[in-house]
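Protein chains in written order, with our numbering: chain A, 32 to 363; chain B, 32 to 363.
Since the hints were made in silico from the structure, they are not lab data. Any given hint could turn out to be false.
Just so you know, same-sequence chains aren't split out, so a pair can sit in one copy or run between any two.
Once the Cα atoms are required to be at most 25 Å apart in a straight line, the calculated BS3-like pairs of lysine-lysine come out as [unchecked claim]: (1) K83 / K220; (2) K247 / K320; (3) K198 / K135; (4) K337 / K182; (5) K135 / K302; (6) K311 / K284; (7) K337 / K63; (8) K49 / K83; (9) K320 / K337; (10) K182 / K320; (11) K311 / K182; (12) K355 / K49; (13) K63 / K47; (14) K90 / K47; (15) K49 / K94; (16) K284 / K320; (17) K94 / K47.
Protein chains: 2
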Amino acid sequence: MRRISAEDLTQLMREKLKKYGVDEEISSSCAKLMVENSLDGIYSHGINRFPKLISFLSKKYIKPQNKPSCICSFGAFEQWDGNLGMGTTNAKTCMDRTIEIARKYGIGCVALRNTNHWMRGGAYGLQAAEAGCIGICWTNTKPNMPAWGAKDCRIGNNPLIMCIPHKGGHIMVDAAMAQFSYGAIEEAKYACRLLPVHGGYDSDGNLSSDPVEIEKTGRVLPIGYWKGSGYSIVMDMIAACLANGNSTQELGKLGEDEFSMSQIFIAIDLKKSGGDPDEKINSIIEDLKGSIRVNEGQEILYPNEKATHTRIDNLQNGIPVEDKVWSQIQLL
Amino acid sequence: MRRISAEDLTQLMREKLKKYGVDEEISSSCAKLMVENSLDGIYSHGINRFPKLISFLSKKYIKPQNKPSCICSFGAFEQWDGNLGMGTTNAKTCMDRTIEIARKYGIGCVALRNTNHWMRGGAYGLQAAEAGCIGICWTNTKPNMPAWGAKDCRIGNNPLIMCIPHKGGHIMVDAAMAQFSYGAIEEAKYACRLLPVHGGYDSDGNLSSDPVEIEKTGRVLPIGYWKGSGYSIVMDMIAACLANGNSTQELGKLGEDEFSMSQIFIAIDLKKSGGDPDEKINSIIEDLKGSIRVNEGQEILYPNEKATHTRIDNLQNGIPVEDKVWSQIQLL
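Kindly generate the complete structure, drawing on both the sequences and the hints.
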């Protein structure tokens, strides 16, 4: 494991992207976003996913020369087509547009079809918050989780992001509808440790924290059991219908690799609401931190606070890059 | 247990409400909504909650003569004050207004402060769907769940509703951020049965399905552990800030009883999106129902499908009313 400065990593990613036919502007913005995700400690959707991004460019799933385009506009709601361009650029462009609409109408919504992986969904929640807006967004995914009561994967682990601006660090949840990502399950397997809570089912059909068993059955657990399964289904329907794009089911028909997804971006201008939101939020945080702790030594964190701490460390000491990932990137 | 027709129950509730000073119009609409909730099988937020509603009228928490009023409007976003009026009427009025905005701008949002219990949040999701809109809404609650890592209750079990119109029955999730409501935990306790999955912590700090133990500690479990805790916190912040109203923390300061909450209503006009949403949704449902089942005899249901089935039964055979609840209502 080595630690690479944000500047060096951005430069490296940008060069590699350009090598694979991505123009200067998109290479820069994509590299910047993936480094930002890594700075916040979301390596799975930052540095660790870079080799996969390059392979999707090679396979031509991503057509980086294509820009997203507005299909139709109805005041505060717009439908966009990602034209299979770079997922990060498509998402950033659409959240920018959503914010612009919110400034005008108080709330804005863009539904995006035919787009590619946006990496960390939270990046677009934070983007809205940086602009003084509440950000809500989600994406559908290929089928990777069984519906409640089912054994085979026909729904997605569709992450739902909710973010509100806050001076000391924006408050955000960016969570998949599966209790653990496949990446987290794999990581536990290689480290020969159990998951901290149930993450799926074993071969006997019992709830399990054993990553090996869960990988065997493929039966990962939705958050809140039937509840997360329900949210995943409705979020998929909303995204696919509003964007007039692919549903999870349709993404599954395109093959093993995941591309051409549907996404929803919502922004609400917080400046229009009066009062002092920051004071209200500070008071909530202070109250939370005063809770009686389960473990005396374990501080109660507000959503996304951990990322704020990780960022400080990574800015000072560099972004940790695993040897395996580093070698892979050198070979690209 | 007896079964009472929807007509008779509506009539009974309307008369009782009028006796407690609620005018004809609000009595009718409130009784109708609570009967609709009961028809769908949501008795906890229908008939079973009626005595509590009356007690809140007696205690003057609810001021049924007050109508909600628009504080400010920014195109597609509006802020309303519920003026402590009837919660069901406030919510219905605000979702009606949200739908009206969505018809004009594609999307609409109303943030409501100083309101009372809306009973079943799903009622307003279904209201949007009946009007051809996607409905998203949530409310904050008084502190009734510990934040992740905490022992004492400082966050709410804030339900999040997401609903999309569908001809065969609207698709909807209406779920609290706690795995089980206090009502469900109490019900299991009286029936001397365990909860179907972990619902909280026992006195030794271990995850438990035992309702008696969970009631002892008061440590109910958020859906998805840290994830549901995070959503609850951010939803509370968004509702309280956008409505410039009470946060969960502030609701807790008002005492044991829950009143003067903050709520968010969002509607998106589905008719503006092109394509054939109903065909897309039908295809998703058909795919889900084709899943390999965990229990051969157990059909895979889409979110809210069970309510559609219960409604048919209750319309034919009457709404089931427990003897205890029936006696309580007679005495009001």
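We went through each hint and held it up to the structure:
Taking the shortest alpha-carbon separations for K83 and K220, only the intra-copy value of 21 Å comes in at or below 25 Å, while the best inter-copy value is 50 Å. Taking identical chains as interchangeable, the C-alpha atoms of K247 and K320 lie at most 25 Å apart only when they sit on different chains, with a minimum of 23 Å there against 40 Å within one chain. Proximity of K198 to K135 under the C-alpha cut-off of 25 Å is restricted to the intra-copy arrangement: shortest distance 23 Å within a copy versus 34 Å between copies. For the identical chains of this complex, K337 and K182 are inter-copy neighbours only, at 20 Å across copies versus 34 Å inside a copy, given an alpha-carbon limit of 25 Å.
Taking the closest pair of Cα atoms, K135 and K302 come within 25 Å of each other both inside a single copy (12 Å) and across two copies (23 Å). For the homomeric pair K311 and K284, the shortest alpha-carbon distance between copies (14 Å) is at most 25 Å, but the shortest distance inside one copy (47 Å) is not. Within a single copy, K337 and K63 get their C-alpha atoms as close as 21 Å, which meets the 25 Å cut-off; across copies the closest is 47 Å, which misses it. In this assembly of identical chains, the alpha carbons of K49 and K83 lie at most 25 Å apart only when taken from the same copy (16 Å versus 65 Å across copies).
In this assembly of identical chains, the alpha carbons of K320 and K337 lie at most 25 Å apart only when taken from the same copy (14 Å versus 40 Å across copies). In this assembly of identical chains, K182 and K320 lie within 25 Å of each other by CA distance solely across copies; the values are 12 Å between and 40 Å within a copy. In the homo-oligomer, the alpha carbons of K311 and K182 lie at most 25 Å apart only across protomers (23 Å), although the nearest pairing inside one protomer, at 44 Å, exceeds that limit. For a Cα distance limit of 25 Å, the shortest separation of K355 from K49 inside one copy, 22 Å, qualifies, whereas the shortest one across copies, 72 Å, does not.
Only within a single protomer do K63 and K47 lie at most 25 Å apart by alpha-carbon distance; the minimum there is 13 Å, versus 63 Å between protomers. For the homomeric pair K90 and K47, the shortest alpha-carbon distance inside one copy (15 Å) is at most 25 Å, but the shortest distance between copies (68 Å) is not. For the identical chains of this complex, K49 and K94 are intra-copy neighbours only, at 13 Å inside a copy versus 65 Å across copies, given an alpha-carbon limit of 25 Å. For a Cα distance limit of 25 Å, the shortest separation of K284 from K320 across copies, 17 Å, qualifies, whereas the shortest one inside one copy, 47 Å, does not.
In this assembly of identical chains, K94 and K47 lie within 25 Å of each other by CA distance solely inside one copy; the values are 16 Å within and 65 Å between copies.
Of the numbered hints stated above, none is contradicted by the structure.
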